[in-house]
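Based on the provided sequences and hints, a complete structural model is requested.
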Amino acid sequence: MYMNKILKQPGAYNRPVAISKMKTLFLLFCVGLVTISSCNKTGNTKEEITFSSPSNFPAPKYNFNNNPVTTQGFELGRKLFYDVSLSRDNSTSCGTCHSSFSSFTHHGHAVSHGIDNKLGIRNAPPVMNMAWLDEFMWDGGINQLDMLPIAPIENPVEMDLEFADAVNKIRNNPAYPPLFKSAFGSEEVSGPRLLQALSQFMNMLVSANSKFDKWKRGEDGVTLTPEENEGYQLFAQKKCSSCHSTDLFTDQKFHNNGIKNSFLIDSGRTHITNRAEDIGKFKTPSLRNLQYTRPFMHDGSISTLEGVLDHYSSEVKISATLDTVLNNNGALGIPLTSDEKAKIIMFLNTLNDPGFVTDRRFAEQ
Amino acid sequence: MKKNFFYIAIAFILFTSVSSCKKEDTGLTGNGPLTLHFDNRVGNDNFIMNTDVTIESGETINVSNLKYYVSNFVLVKEDGSEYTVPQEGNYFLIDESVDSSLEVTLQNIPAGNYTSIKYILGVDSLRSTMDVSQRTGALDPAGAGSDMYWSWNSGYIFFRIDATSPASTEVGNMCMFHVGGYGGYSTPSANNIRNITLSAPQTIHVRENENPEVHIFADILQAFKSPQVYSIATDGAVFHMAPGSGTKMANNYVDMFTIDHVHE
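Line by line, the protein sequences give chains A and B. For the first sequence, position 292 (counting from the first letter as 1) is numbered 292 according to the working numbering, and the numbering increases by one without interruption. For the second sequence, position 125 (counting from the first letter as 1) is numbered 125 according to the working numbering, and the numbering increases by one without interruption.
It is possible that part of the hints are untrue.
Unchecked claim - Part of the chain A face toward chain B, derived, beta carbon under 8 angstroms:
{"#": "1", "residue": "Gly141"}
{"#": "2", "residue": "Ala151"}
{"#": "3", "residue": "Glu162"}
{"#": "4", "residue": "Gln196"}
{"#": "5", "residue": "Ile265"}
{"#": "6", "residue": "Asn274"}
What the hints assert, rightly or not - Now the stretches of chain B that chain A is said to cover, found in silico as 3 or more residues with beta-carbon under 8 angstroms:
{"#": "7", "segment": "83-92"}
{"#": "8", "segment": "144-153"}
{"#": "9", "segment": "186-200"}
{"#": "10", "segment": "239-249"}
Derived by calculation from the structure, the hints in this document are not laboratory data. C-beta atoms are modelled at their ideal positions from N, C-alpha and C, and glycine is treated no differently.
Spelled out as structure tokens, the structure:
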């Protein structure tokens, strides 16, 4: 691909000198290629970064035609993701509340803990499998991955910096223009490019190598234990999968799951739609990597999986917008025996992807 | 089959005659610019920032920031035909504090005699959800559009007044009237996009070597006036899109523009 680019330069064919230079370059290129390939085998040099969609996932929603993932773009995005200068006082980066080792959540924090030790009102959601989503945040207020980072950057309790000022800080940091050049072809640092680089990084955060995935795809002879399999059957029978659907384990819709019966502090989806029927509804989260993402729920109010299943079986609170799956003519919740709960938890634990949370490519360098 | 050919032939003849009629209409050729001067007013007076203004409710406001998007210009000729300004270069941010923003120049308008101007106050839904690479100029959230974009609820603020008022019970008597809402992405929500049509009191002659200027008055009192009086005490000093207050203001400000005169 690179070779083609060199040979296609206009006028190159007309000049013998240029041709011989080209030949030398080509030879050097080949030598380089061989060296890189051999390095790859020994793991000494980084791999090319490319996006691919796991076969058990639906089609991605992100439009990669407008912003394909490249190694350089990914690396720039990663540097930005971990750069505290995107906050007003250089204290907080995206990675502060979305750390790689906890599947890009704020480990152990019920609600996110941002600038000036301020607390938000919601649990930091994991940054994973973003390419398959088109509505982001617990209330779905953001409808494009590219536009997402502006919200935490500008939020007064997260990074508290006007986006225009954030772009200026990056522009004035001499380390960045060369990185923008290698990612986008010129040193221009602009808002759209900064956002596209962050999208490239986030789009690569694909978690699809759990025990469940390998079993589903028939890889490496992986099988679920009888209990895990039973848990998987119960997961469907008990209608967990009515919201936690597809192998992404979310229907990407908004539901009131009965965590609270008053939504004065956080009205959820209504904050965006202003509709009474959306009060207390929050976007269905994925169930992947639960081992690393506790505490759970939009407000981080439940800290264990046992607690989550206790909630759904016996602690559902009623309010006008409670999801119908959790309200059978006044009988609240989904009855579950302790044996059923144990098996469902065993199944949920097959959705943990240790390779994802330890992937060096995704961590701060 | 033969019948089809017959109809196609008739259609072709009709089409050519219509086209030729259009061409002969004024005999004008070439393209020229058209400048629209947005002149923010308070009733009959010039609008001056940071001065007290009495609105219809009798309350006073002291405005520190006044901005709005105008977009999707369509120019109507005297024969009723329309010219739609191409998408690129059809979005403008009017900012009272930036003199140069008050004059919007539409380039390469086909020469002709125009009698009215249509536009949107705000940003249409298509542009509100476009790819980030297309968000340039007035729509760049890291540039001109920086305080006209809601990061928490993807979308542009169409119309924005920041002020203080003794009628406000907020900290520092603050008022924030931020109207936006393109109808929602997956769930229908407030649609405060407003279409505006202004008739010119005299014909606007667009010619290859001329630059006519249409002087548009924008009376900010109208945003608080009719059909429903906006009261800070009852409708609120601060809103962000809120369908009640925001839509009320949008229904009012749709009538705030008039073409006062045209400079030839």
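Hints the structure violates: just list their numbers, smallest first. Per hint list: 5 and 7 violated.
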